[in-house]
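Q: So the chains spell out like this:
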Amino acid sequence: MSIAKPSLTAVAILAAVLAGVSVAMIFFVAPEDADQGLSQKIFYVHVPIALTAYACFGLGAWKALRLLLTRGERYDLESYTAIHQGTIFGALTLVTGAIWAKASWGVWWTWSSNQLVLFLVLFLFYCAYFMLRFSIEPGPRRERISAVYALFGVALIPVSFFAIRLANDFIHPTVFTREGPQMTGEMFAAFCVSWAAITLVAYVMYRTELAGKRTDLHLRELREALAP
Amino acid sequence: MSAYLGDVAALARKDLRLELRARDTLPAMALFVLATLVVFHFALPGGAGDDAAYGLLWVALVFTALLGLARAWVPEGEAGALDGLVLATSDRSAIWLGKTLATLAFLAVAELVALPAFALFFARLDGAALAGVVLASIGICAVGSLVSAMAAAARGREVLLPLLFLPLAIPLVVGGVGSSISPEPGKYLAFLALYDAVFAILSWAAFEYVVTE
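Chains as they are written, first to last, in this note's numbering: chain A, 474 to 701; chain B, 155 to 367.
Bear in mind the hints are in silico, worked out from the structure with no lab data behind them.
Only a predicted model underlies this, so the values are computations on that prediction, with no experimental measurement involved.
Beta carbons: idealized from backbone N, C-alpha and C, even for Gly.
Just to be clear, a hint being listed does not mean it is correct.
Stated by the list, open to error - Estimated spans, in silico, between C-beta atoms of each pair:
no.: 1; chain 1: B; residue 1: Gly281; chain 2: A; residue 2: Glu610; range: 43 to 51 Å
no.: 2; chain 1: B; residue 1: Asp205; chain 2: A; residue 2: His691; range: 56 to 64 Å
no.: 3; chain 1: B; residue 1: Val288; chain 2: A; residue 2: Gly579; range: 36 to 44 Å
no.: 4; chain 1: B; residue 1: Val288; chain 2: A; residue 2: Asp642; range: 31 to 39 Å
no.: 5; chain 1: A; residue 1: Val580; chain 2: B; residue 2: Val213; range: 53 to 61 Å
no.: 6; chain 1: A; residue 1: Ala698; chain 2: B; residue 2: Leu348; range: 47 to 55 Å
no.: 7; chain 1: A; residue 1: Glu610; chain 2: B; residue 2: Ala157; range: 29 to 37 Å
no.: 8; chain 1: B; residue 1: Ala344; chain 2: A; residue 2: Val494; range: 40 to 48 Å
no.: 9; chain 1: A; residue 1: Ala576; chain 2: B; residue 2: Pro181; range: 47 to 55 Å
no.: 10; chain 1: A; residue 1: Ser608; chain 2: B; residue 2: Asp205; range: 35 to 43 Å
no.: 11; chain 1: A; residue 1: Glu610; chain 2: B; residue 2: Ala197; range: 54 to 62 Å
no.: 12; chain 1: A; residue 1: Ser608; chain 2: B; residue 2: Glu232; range: 16 to 24 Å
To be verified - If you want the footprint, here are the derived chain A segments under chain B, 3+ residues with CB under 8 Å:
no.: 13; stretch: 594 to 608
no.: 14; stretch: 616 to 622
no.: 15; stretch: 628 to 641
Looking at chain B on its own, in the form it has when it is part of the complex (with noise of 0.2 Å):
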């Protein structure tokens, strides 16, 4: 078990390491959030009150989140080192929840900039908006980061990413607005929840499939 979360340590530490000297993805997400809610001043008309640009924050994150996950796999393409990483792991899973762990810290540095940047632009964030935040957060990374490695083994992959990812965010989504508009936001962080569940243990027993030969 700790040799377990060792190696994923390890291998969460190594694509922060990597982020930190090339600075690839972090700065390209930050900006891509904060451009995106300027966007939205201009596409919101007029009155088109708080909910809608909760709706749109959502929005926001999904994509920002995106832009991170197709950068995901990419140091692993190069040199065959993702064959390396199978061949030397215990246990493949780890390599999942390593990367699950990374981009994870990458999308909560970018959300850091952006709920500030919501909260000044648009309206304040509760409580149970956070929550919904981080708990969307963990769905999004644990489903994305599996289904990021799919699209790294076809032609095409950032085409093919958002194609993949987006009809598994829906229910994301709806947790996530629910939890910030709705006045009883209980059962949509229970869903959230649930969903992160679900979906973090069928990626982590499938993953070993998607990247072995």
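Chain A on its own, in the form it takes in the complex (with noise of 0.2 Å):
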């Protein structure tokens, strides 16, 4: 890669103070919601953490392409540890979704909420890619098996939203929409601030994770090298 990689530390930093700032912003620049009060403040941290997630399994199936076609080792726990931490913010986007349904339609799960549905069928799917990387023993073989269902899950994200979409023509007949007024500048700028924030965070984790797994795998291949 010809562009060096910004130093951890710094992109931490900046991820907290982003993160501060996205608080500040979330509570003190955006004004309340007229139609649903405080409650409407978990928007600007469940939306971008969703946003997050995704971006985490698109970048876990791109690497999951690159293993595949050009054989590189490294990708595959480069990939493993993306689809990890979108799975974490899949989780975290589904217990936000459930406390905002709860807050503003005075239950714990809703299944007229099309992104949430969406969240949970993602969810079961990349659980079972877990199930599947570790029942195969490790090597080439597993690399490989765990990449194509990496390349499954994107292929599975818009296929299930329209799904998701065209079920509740005969789920719900009468069409939900979410759609309120349009967001003002400052309720934007809020949101622009903690989806940065929260991306950020999200690198940050993906690095950390990825260090620790590859010290890890240094390790045991030492200390596979020195027993006798």
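Take each chain as given, in its own frame, and dock them per the hints.
A: Here's what the structure looks like:
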């Protein structure tokens, strides 16, 4: 790679600063939603987390594609780490979505939110990814099978989204949309800062986990080499 | 091209012949789907309506397909037969296509039992519902034979296969149920065709990576 990676510490500090700024903006800059009141503030966390999860799944699939095309071993760990982070953020999307549903509709779960249902399907899919990965012996075969399944994931995201939209027609005859009034400029700014902060947090977590996993791997190789 | 299709036909014929000799899978699938329909009669409360029955038909079809898919790669697992196939065929994707056609044939036979039984026990099926069954079966077998090959490489494949397959099958169930009960089945059928195209191409292209060492 021609561009040097920024130091992890610098990115971590930037992420922390941005997270602080975004919290301040959410509560002090963005006006309170006329309709939902304070509970609408979770929007600034929930939606960026969901977008970050998509980005992580996309990154995992991209690394998986690179693995299949170039047979570069390092992409396996990168793909796995990205999907791991995606699953963590996907679970957080489900949790924050459930809290929002409770606050605005009075129930912890609703099938009428396409986003939540999609994340439930994806959560199941990527949990199966981990089951698959951990029941195959480590080696090139596992790397490739995991990569193929990761690629299926990004194909499943739009297909499932479309399917859930279609299913709403026969599950909920009245179409529900969450489109309220347009966001004001301050709301949009708070949203963007929050999105950037959460993406950076995800990036820091990704780099940290990757470094840890690589160290583990090297340590294991060293132990095996030194074992009598 | 014709050599490729010849490979595919030979591989599919091998699976059908094995099944005709051993009868490992088909009777089990047919009996399973019948038993499931009978269970559904007791699972559906009185007055649940036909729509609920159509939904359960799709549950029965997906699980029956899973039963067949779980056994799909068992013959190849014996005596290193899969390694032989990987070395033998000109293009590895022919193995996937042959297996998909064979499992599709098995599923079609099970559906030939299931659909008349469903019509007899529960509700009639119209042309759109049948078209939905055909399209969804193609998708089930295309994705299923690939995922089943993945599971065959892992420990505990019987447990793993449904976990891998069901999230991928949810869009098929949506399309299938929609084509059975919607007054405008066209968009559901188009969606099923889209799913089949996307995932068949993906499975066809990816299969090589699943079986090679």
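Q: Just to be sure I understand the hint, the distance between the Cβ atoms of Glu610/A and Ala157/B should be within 29 to 37 Å; is that true here?
A: Holds: the Cβ-Cβ distance is about 34 Å, inside 29 to 37 Å.
Q: Val288/B and Asp642/A, beta-carbon distance inside 31 to 39 Å?
A: Since the Cβ atoms of Val288/B and Asp642/A sit about 22 Å apart, the hinted range of 31 to 39 Å is violated.
Q: Given the range 47 to 55 Å, decide if the beta-carbon distance of Ala698/A to Leu348/B lies inside it.
A: holds, 51 Å
Q: If you look at each residue in the stretch 628 to 641 of chain A, do at least three have a Cβ nearer than 8 Å to any Cβ of chain B?
A: It holds, with 9 qualifying residues against the three required.
Q: Is the hinted range of 16 to 24 Å satisfied by the C-beta distance from Ser608/A to Glu232/B?
A: holds, 20 Å
Q: Taking the CB of Ser608/A and the CB of Asp205/B, does the distance hold inside 35 to 43 Å?
A: Since the Cβ atoms of Ser608/A and Asp205/B sit about 38 Å apart, the hinted range of 35 to 43 Å holds.
Q: Mind checking, does the stretch 616 to 622 of chain A have 3 or more residues with a CB under 8 Å from chain B?
A: Per the Cβ count (5), the hint holds.
Q: Within 43 to 51 Å: is that where the Cβ-Cβ distance between Gly281/B and Glu610/A falls?
A: Distance hint for Gly281/B, Glu610/A holds at roughly 49 Å.
Q: For the hint 53 to 61 Å, verify it against the beta carbon of Val580/A and that of Val213/B.
A: violated, 25 Å
Q: Please verify the coverage claim for the stretch 594 to 608 of chain A: does it have three or more residues whose C-beta sits within 8 Å of some C-beta in chain B?
A: As far as the stretch 594 to 608 of chain A goes, the hint holds, because 9 residues have Cβ atoms under 8 Å from chain B.
Q: Are Glu610/A and Ala197/B spaced within 54 to 62 Å by their CB atoms?
A: violated, 40 Å
Q: Within 47 to 55 Å or not, the Cβ separation of Ala576/A and Pro181/B?
A: Between Ala576/A and Pro181/B, where Cβ atoms are some 54 Å apart, the hint holds.
Checked against the numbered hints given earlier, the structure breaks hints 4, 5, 11 and satisfies all the rest.
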